[in-house]
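**Student:** Chains as they are written, first to last, in the numbering used here: chain A, 1 to 756; chain B, 757 to 1053.
Since the hints were derived computationally from the structure, they do not count as laboratory data.
Just so you know, these numbers come straight off a predicted model, no measurement behind them.
The beta carbon of each residue, even a glycine, is placed where N, CA and C say it ideally should be.
Hints are not guaranteed to be accurate.
Subject to a maximum C-alpha distance of 30 Å in a straight line, what follows is the list of computed DSSO-like cross-link-like pairs (lysine-lysine) [unchecked claim]: (1) A:Lys-731 x A:Lys-381; (2) B:Lys-850 x A:Lys-702; (3) B:Lys-914 x A:Lys-381; (4) B:Lys-947 x A:Lys-356; (5) A:Lys-385 x B:Lys-810; (6) A:Lys-749 x A:Lys-85; (7) B:Lys-850 x A:Lys-381; (8) B:Lys-947 x A:Lys-364; (9) A:Lys-702 x B:Lys-856; (10) A:Lys-381 x B:Lys-964; (11) B:Lys-810 x A:Lys-381; (12) B:Lys-810 x B:Lys-964; (13) B:Lys-857 x A:Lys-702; (14) A:Lys-710 x B:Lys-857; (15) A:Lys-709 x B:Lys-810; (16) A:Lys-294 x A:Lys-200.
Some chain A residues well away from chain B (every beta-carbon gap over 10 Å; in silico) [said to hold, decoys possible]: (17) Gly-50; (18) Glu-253; (19) Asn-444; (20) Gly-491; (21) Lys-503.
Simulated DEER-style distance windows between Cβ atoms [said to hold, decoys possible]: (22) B:Asp-784 x A:Asp-457: 52 to 60 Å; (23) A:Gly-498 x B:Asp-784: 50 to 58 Å; (24) B:Ala-949 x A:Gly-329: 20 to 28 Å; (25) A:Gly-464 x B:Asp-784: 34 to 42 Å; (26) B:Glu-918 x A:Asp-447: 31 to 39 Å; (27) B:Lys-964 x A:Asn-737: 52 to 60 Å.
If you want the building blocks of each chain, they are given just below.
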Amino acid sequence: MSGGKTGVYLCRCGGNISDAVDVEAIAEKVSGMDGVAIANVQDYLCSSAGQGKIKSDIDAGMIDRVVIGSCSPKLHLETFRAMAKMAGINPMLLEITNIREQCSWVHEDQQEATRKAKGLITGAVFRMNSLESLEPIIKDLEDRVLVVGGGISGITAALEMANEHEVILVENKAYIGGHMIGLSKTFPTFDCSQCTLTPKMVEVFNHPNITLYTQTEVASVDGNVGDFKVTLRRMPRYVDVDACTSCGRCAQECPKDAIALPFVQAIPQAYIIDMEKCVECGLCEKMCAVGAVKLDDREEGIEVNVGAITIATGFEPIDPSIIEEYNYGRHLDIITAIEFEEMLSAMSRTGMRLQKSDGTMPQKVAFVLCVGSRDFNRANKYCSKVCCLYSQKQAQLVLKMNKDADVTVFYIDMRAAGRRMEEFYHHAQETGVNFIRGRVAEVNPLDSGGLQLRYEDTLLGEIGSDEFDMVVLCPSLNPSGGTQQLADQLGVPVGSDGFIEEKHVKIDPVNTLNQGVFAAGCALGPKDIHDSVTEAMSAAHKVSGFLGKGMISISPEKPVIKDACDGCGICVEECPYGALSMDNKKPVLEALSCNACGICAAVCPQEAVEIANYTRKQLKAQVEGILDAGMGVIVYIDPAAYAAADIAGVNRTLYSPLIRFVQVPSIHVLDADIVNHAYEHGAGGVMLIEGTTDEALTSRSKDLYSRLKKATKEHKKPIRYSHIETAQYEKLMNLLNVFAEQVSAKAAKKSGKKEA
Amino acid sequence: MSKLSLFLGCIVPNRYPGIEKATQLCLDKLDIDCFDLPGASCCPAPGVFRSFDKPTWLALAGRNIVLSEELGCDVLTICNGCYGSLTDANHELKEDAALKKSTNVHLGKIGKKYEGTVDVRHIVEFLYDEFGPEKIKEMVVKPLDLKVALHYGCHLVKPSKERQLGSVEQPTFFDELIEATGAESIDYPDKMACCGAGGGVRSALLEKSLEMTNHKLSRIRDAGADCIVNACPFCHLQFDSGQAEIREKFALEYNIPVLHYSQLLGLALGFPPEELGIDLNIITNEEFFEKLGGRIE
Chain A
1 MSGGKTGVYL
11 CRCGGNISDA
21 VDVEAIAEKV
31 SGMDGVAIAN
41 VQDYLCSSAG
51 QGKIKSDIDA
61 GMIDRVVIGS
71 CSPKLHLETF
81 RAMAKMAGIN
91 PMLLEITNIR
101 EQCSWVHEDQ
111 QEATRKAKGL
121 ITGAVFRMNS
131 LESLEPIIKD
141 LEDRVLVVGG
151 GISGITAALE
161 MANEHEVILV
171 ENKAYIGGHM
181 IGLSKTFPTF
191 DCSQCTLTPK
201 MVEVFNHPNI
211 TLYTQTEVAS
221 VDGNVGDFKV
231 TLRRMPRYVD
241 VDACTSCGRC
251 AQECPKDAIA
261 LPFVQAIPQA
271 YIIDMEKCVE
281 CGLCEKMCAV
291 GAVKLDDREE
301 GIEVNVGAIT
311 IATGFEPIDP
321 SIIEEYNYGR
331 HLDIITAIEF
341 EEMLSAMSRT
351 GMRLQKSDGT
361 MPQKVAFVLC
371 VGSRDFNRAN
381 KYCSKVCCLY
391 SQKQAQLVLK
401 MNKDADVTVF
411 YIDMRAAGRR
421 MEEFYHHAQE
431 TGVNFIRGRV
441 AEVNPLDSGG
451 LQLRYEDTLL
461 GEIGSDEFDM
471 VVLCPSLNPS
481 GGTQQLADQL
491 GVPVGSDGFI
501 EEKHVKIDPV
511 NTLNQGVFAA
521 GCALGPKDIH
531 DSVTEAMSAA
541 HKVSGFLGKG
551 MISISPEKPV
561 IKDACDGCGI
571 CVEECPYGAL
581 SMDNKKPVLE
591 ALSCNACGIC
601 AAVCPQEAVE
611 IANYTRKQLK
621 AQVEGILDAG
631 MGVIVYIDPA
641 AYAAADIAGV
651 NRTLYSPLIR
661 FVQVPSIHVL
671 DADIVNHAYE
681 HGAGGVMLIE
691 GTTDEALTSR
701 SKDLYSRLKK
711 ATKEHKKPIR
721 YSHIETAQYE
731 KLMNLLNVFA
741 EQVSAKAAKK
751 SGKKEA
Chain B
757 MSKLSLFLGC
767 IVPNRYPGIE
777 KATQLCLDKL
787 DIDCFDLPGA
797 SCCPAPGVFR
807 SFDKPTWLAL
817 AGRNIVLSEE
827 LGCDVLTICN
837 GCYGSLTDAN
847 HELKEDAALK
857 KSTNVHLGKI
867 GKKYEGTVDV
877 RHIVEFLYDE
887 FGPEKIKEMV
897 VKPLDLKVAL
907 HYGCHLVKPS
917 KERQLGSVEQ
927 PTFFDELIEA
937 TGAESIDYPD
947 KMACCGAGGG
957 VRSALLEKSL
967 EMTNHKLSRI
977 RDAGADCIVN
987 ACPFCHLQFD
997 SGQAEIREKF
1007 ALEYNIPVLH
1017 YSQLLGLALG
1027 FPPEELGIDL
1037 NIITNEEFFE
1047 KLGGRIE
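Extracted from the complex, chain B is given alone in its bound form (with noise of 0.2 Å):
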């Protein structure tokens, strides 16, 4: 398998760094060779940035692809959004000459040129590809007895004629890569949903957008279950923080743990939860961390 750069966004860095922890862990115990992107900066935010003004997304994107091209690598993304942001923009400076033409003007003046020689990769569509469920089946050193509600959110699988990850509906491999870990993948009303982050949803509508989120954990908790675990650190805050903010503005308590695939992968390759960072969200939930035998500080 050849190196990969690794493109941490800017969620993981500022506010979740466990789960770049996490995701050191399991790269290295999964021996793939990864290294942080030198000079990365934001993707840009594609529901903010793309929204505005589609040249300054493509400059800012088509940049950070460039420090990863230069130096002759693949991007690994943690993030649903750097993932739709980067991928996106790969694709179009890739298909569309005049974009790529016009956007490495921009990108000259700081000595950049983006050639479009590498593709954008995602650790779940990574994981799933590269090694597949049964291969990380393999390396489980600690099944785990969890109910998990997952949240595939949105750029991840969509658009769906760019990702051709399969079906948009009812796609499998994410629950697969979760069921490869021993835990249950519970099915759940309005699974595919959005979480209410996104696409400047939460900054401009806060509640609104814990509308969205209130709606998706009650349907989670209806269903049973243990915790919830994401692709992407801000659907990660969304429900993590947004659950404490639920608390303080609609006065409904959950009480849900939330981790991102990178944490519950890493549970399962036998870290402890203190290791992986699961105890520095804002949700801690007592019977959870008991059930995985760890503690809190």
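The shape of chain A in the complex, shown without the other chains (with noise of 0.2 Å):
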């Protein structure tokens, strides 16, 4: 034993626990036990009473570690390692065991929720005995956040953080605003884009704690989480964006209209040279009052050190030749809505005016929802959300512009979800837009110089044929260019749609899989700029919270190799993280890349790779206590799923009391071993949850469930793998339940016939 001295705290939890648990009863047992030296019972623990008296036997010198049974460790664990902290124990020797989310509540036999209870604390204290004392990883971090993606997005992220941290924001184009300084009005207010705008990008570029990049992308990112070493790339734009006074002087004097101000309210406000119509004459940089012309301008690398990271790089629209029945590029009154959009806002090249290729009002316009949205077949799966709502809007403001015009709006589905839009779609219909209930089949370009569609009115059930002077098509959002770039950079995980992938759906939806690195916009999905808005505060206040402690702590519970390593390296092939790395035919740990996934731990041929308060002897001695109460299932689950199991209990679903949860990093750090032991002390079942929605490590689990299958079947006992949204603590009890069942059914027959 550890020669240690363990307190045992048990909680009543105010009848919560102890009407279903006899748990003096326990204490007495435990009481008993090597290295135990008090067991005690209280009925609330987490009052100050309870915690005080936990605190006074450490002070007194009578314990040096805790096992305490109570609720679930999600709820206090912080809490009560934080007074133990302060008490001067190591906090790693403190833990929680589960008798009442996952116990108490959710058995009606109080026999065997008591029995249950028995095992998992004499687990406890078995696991307690051999832990050790760890400390936390500590690292300094860089107070300076990389934002890039200068769209509504990365702007108001870089504005809600610039007044604590420093901020580089970085845009690829020769001004900020991204999509939505194309746009004029916005739904459903009909709020004008630019005027929104265009203040915060004057603040953005005035701002003295943002640095701003534009014609600038990322060149490469290397370094880690809390301290990122960024290279830039900034392509050259000829013009000094900080001297330009953008008084104009050089573009009047350019004989081949080369230099130019991307738009009138461009932020920068300079101006840029197109390298492709400049025959380097020289006159620009002649006439330039403040010699801000600058020809001999070059891509130039800049090297960042930053923190944390920001990803807001947002969409592009799909290329709509993709729907080749659409004939987009084959006649020019065939737009996209961007296009559309365009025309009317300050990136205007039409005076701001709606008109067709010939310069005049369109009279009769439709508009094309679904161009390779809601595609099973050719483009994308998803519906792009914004669509229908900027249809309805560009419909009505042709209607502004030509009050005798006929529009019609071509779709699915009318999408019109949230605050305020389903009254817009209601005006939309009330001011004369036409709304036809079909996918456009095909948009022909007639010799006359017309536009002919083809439909089915499917709420008319006729195919419809009719023709248009203007065409305008809704093209799907695809995930930009830059976005899947970046994530490669970062090693950022995308989904199969391309966007990058949150760190949970619901829960953590603007951070991203890696530590340090956030992300806000329709980088994340498709979405409208209230949400993207939303996103980009929030991205903010987490960036602010990560960088604002000046220092991350990493857990401790990570790989440690022994000595009987003999440098083959598989453990560094196998690690899905590249945390490890070979140094003088010896495997080195980066913590902070580490994930304690433990695959390292159970690909190691030597048995020399353990995962510090996860090692095998600690994992085994925790069953051997558990089943030291009799039979019962061992269920290994992960953090994920853990949650679920929780889940159940808050809302006490009933579930089998054979069963036994053994929380693991993941289950990848099982191995045979482990597992035919637990067989071997009297599981009569065993099986592995897992929750995570890593694919690096889902990806292996069905080859690690069946080699566990194939090693442990002389014990001719059940054995079983699931994977389960966290969210899905029901289908979860279903499992066990229908495990648990097997599992008696099987012992029962064993038993029959040893009585036989």
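Got two chains here, separate frames each, mind docking them using the hints?
**Tutor:** Here it is, written out as structure tokens:
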């Protein structure tokens, strides 16, 4: 044993636990165990009296390790650990065993619930006897954040963070504002896009804490969370952004129209030379009174050091030519909704007039929705969310500019979700916009110059054919090229649809799976301005919280390389996160990249790698203790699935009391040795429940399961693997119940045979 | 070029033997080593069999492919329908191990086994791929001064993911083969629309199918075509016999000659129209024949 003095404290939880579980009996049993100095029962351990008792026992030198039997560690573990730290013991030497959400609340049979709790506490004591004091790994954070993307999301995030942190904002175009600066009025209020955005753009440009780089993208990212070393690549503008006063004399002189403002309201308000047109006559340079023209400007590499990164790289519209039958590119009046909107925006080249290619006002306009969206055959499966609403808006704009126009929106479903949107749709219908439910089959340019649309009007059940003079295609929103590029550079997972994967779809939506990297806006999926701004503000808050501490502490439960290591390098190869590398024939751990999944420990042929505080010995000891109370089903469960078990508890969903959870950092730390040991000590069955959505791990689970199944065959007892989402607690409970029944049936059969 | 087995299908031997003759002559002239696939049955007709019973379709198609596999040759088809049926079946059996296994259970009963070792070709994509329009042009003896309304048909280019023959809405490879003969491939509205015959439509809803054919014929006539060229005997039948049926049912007269590509190519390679069976069509157009320098018996 440890020679240590463990204090075991059980909470009645005001009856929540003690009504079902006989905590007194457990305390009695445990007090006689090796290494246990005190076994104590309290009404409310989390109360100041409860915590006070533990603290005073520590202060008196009676105990130096603590096992608590109470509600889920998710609630109070940090609180108790902070108390322990204050009392002078290493916080890793305090653990909580869940005997409420995962025991008293979910089992009817009190005897069985008590037997289970007894086993769990015994297991916790055995485990505690061999735990190590570990110190968390501390790293200083660089108090600077890089925001990639200068659209509304990037601008909002930058401004939210700039009062507290240094911000570097990078945009690959010559101007900021993204797609929003190319909009005219926004739904549902018809607010002017430029009026909303321009003040923010100016604020960004003038903010003392924001360094803005336009014409710039990320070339490479090195280093790690808290200390990213990013190399930026700035493409030449040939005009000094800070010196240029946008007086325009250079443009007046230029014989080739090569120097211009990107558009009148562009921020930065600086000219730029289009080298394709420029003949390098030098007139602009001569004319510039402030010497802002720099014809010798070249591509530049810029190195920056940041503690956190925010991905705000937005979307790009799909090329509608992919839908050949719409003949985009074969007629000048078949345009995309983006091109339509630009005509009426700050970026307009038609003097903010809506016009056809011949300069006249369109009389009959068709809007075609879902071009490349909701398309399982050729393009994107998802819905791009904003098109139903913006097409209603654009249709109304046409009528505003030409009250006699005939405007029709062709749709599959009209989606107007959320506040003020259905009212907006209703209003669009009232102003006289026609809506036809039916996917457009073809847009045919006619010899006469018009555009023939063939469609099925599904509400009338008729095939329709109609001629328009302008057709606006609403293109699907793809993740921008910059999104994929940046994701690759950062090693941030993207979904199969190409958008950045959130840490958790529901409860951690602006965090990525990489620590220190956050995301906001359309890089995470199509959305409108309101939602982009909301996400940007959330991401800014998360970044601030992250950087605000000035340092990050990494859990010390990481792989440790033992002397038995022979330098074979298998762990380095197998690590899905590249956290191990060979140095002088020994593996070296980059703790910040490590996810503590345990794969390195499981694959080591010498058993020379162990996860600190989840060592082979500790895992086995815990199971021995649990099964000391008699037969049970050992369920190895990862943190994400553990959360599901807790939700089941909160919902008082009943399940078999044979189930005993053993939390592991991931199920991949398990190997045949550990699982066989469980069977040898009386497990009636073993389950592996995985809740993580990290594909780097789940892609290995099928193999892991088949290997374990094979390796434990001799015991002839059931083994099962399942993957569940954290929300699927009912599915989890069903799985557990079915499995527990199988185990009971098998055990009964065996004992029946034995008797016979 | 390795040997190919020639899969004639049903319509050509039974209704339009001229196409068979024309095909043979062209293959000879182009020095393509080809022999009639012995024992070949109906492909089976994709629209009907595949809709009713997939295992039956796969077994019958599989058997046809196996006959060629046993002789170590790729299959050459001259019909969109046969091409569609055999290629799609070949693809499914190659990709899906379970289907291959279950189909081989049926084939096993007649002592056959599908391995998936050969490909299925269509004469149009085969000529484009293996020869190319330039080479064809070199072999042309009599450049044709004709305005051709080209009809690709459906199964030649679709399903697009499997065919990999490029654009489905605006393909050009067949047009290039037409132009190689000297003829002009004219554009006309709804060029890529279906003739109306396939998918069981001609059998079950004859008038409906004729409405579709009529639509195409009127566009083709308005565009001023001298003739229609197709790659599929079923389209050929629909356009040819279809005109007679349209005359009877709708009282509309078109008189547009219909040629299979092998017949058009045959003309360009110097064979007279009678040898290519063009006179065996239901629609015979004297003007057209005179243009070609032939006679109607």
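**Student:** Work down the list of hints and note, for each, if the structure agrees.
**Tutor:** Now the hints, each set against the structure:
1. A:Lys-731 x A:Lys-381: OK: Lys-731 (chain A) and Lys-381 (chain A) at ~27 Å, within 30 Å.
2. B:Lys-850 x A:Lys-702: Holds, at roughly 26 Å.
3. B:Lys-914 x A:Lys-381: It holds: about 21 Å lies between the C-alpha atoms, which stays within 30 Å.
4. B:Lys-947 x A:Lys-356: 28 Å, holds
5. A:Lys-385 x B:Lys-810: Violated, at roughly 39 Å.
6. A:Lys-749 x A:Lys-85: With Cα atoms ~50 Å apart, Lys-749 (chain A) and Lys-85 (chain A) exceed 30 Å; violated.
7. B:Lys-850 x A:Lys-381: 27 Å, holds
8. B:Lys-947 x A:Lys-364: Given that 30 Å is the threshold and the Cα spacing comes to 27 Å, the pair holds.
9. A:Lys-702 x B:Lys-856: With a Cα-Cα distance of about 26 Å, the restraint between Lys-702 (chain A) and Lys-856 (chain B) holds, given a limit of 30 Å.
10. A:Lys-381 x B:Lys-964: It is violated: about 34 Å lies between the C-alpha atoms, which goes past 30 Å.
11. B:Lys-810 x A:Lys-381: Judged against 30 Å, a Cα distance of about 28 Å means the pair holds.
12. B:Lys-810 x B:Lys-964: 26 Å, holds
13. B:Lys-857 x A:Lys-702: Satisfied, since the Cα-Cα distance of roughly 25 Å is no more than 30 Å.
14. A:Lys-710 x B:Lys-857: It holds: about 27 Å lies between the C-alpha atoms, which stays within 30 Å.
15. A:Lys-709 x B:Lys-810: Violated, at roughly 37 Å.
16. A:Lys-294 x A:Lys-200: Answer holds: Lys-294 (chain A) to Lys-200 (chain A) is near 28 Å, not above 30 Å.
17. Gly-50: Non-interface label on Gly-50 (chain A) holds, nearest chain B Cβ at 61 Å vs cutoff 10 Å.
18. Glu-253: Holds, because the least Cβ-Cβ distance between Glu-253 (chain A) and chain B comes to about 46 Å, which exceeds 10 Å.
19. Asn-444: 7 Å, violated
20. Gly-491: With a cut-off of 10 Å, Gly-491 (chain A) remains clear of chain B, as the shortest Cβ separation is near 32 Å.
21. Lys-503: Consistent with the label, Lys-503 (chain A) stays out of reach of chain B, its closest Cβ about 35 Å off (over 10 Å).
22. B:Asp-784 x A:Asp-457: 52 to 60 Å: At roughly 54 Å between Cβ atoms, Asp-457 (chain A) and Asp-784 (chain B) fall inside 52 to 60 Å, so the hint holds.
23. A:Gly-498 x B:Asp-784: 50 to 58 Å: Between Gly-498 (chain A) and Asp-784 (chain B), where Cβ atoms are some 53 Å apart, the hint holds.
24. B:Ala-949 x A:Gly-329: 20 to 28 Å: Once the Cβ atoms are compared, 22 Å apart, the range 20 to 28 Å for Gly-329 (chain A) and Ala-949 (chain B) holds.
25. A:Gly-464 x B:Asp-784: 34 to 42 Å: This hint is violated: roughly 51 Å between Cβ atoms.
26. B:Glu-918 x A:Asp-447: 31 to 39 Å: Since the Cβ atoms of Glu-918 (chain B) and Asp-447 (chain A) sit about 35 Å apart, the hinted range of 31 to 39 Å holds.
27. B:Lys-964 x A:Asn-737: 52 to 60 Å: 57 Å, holds
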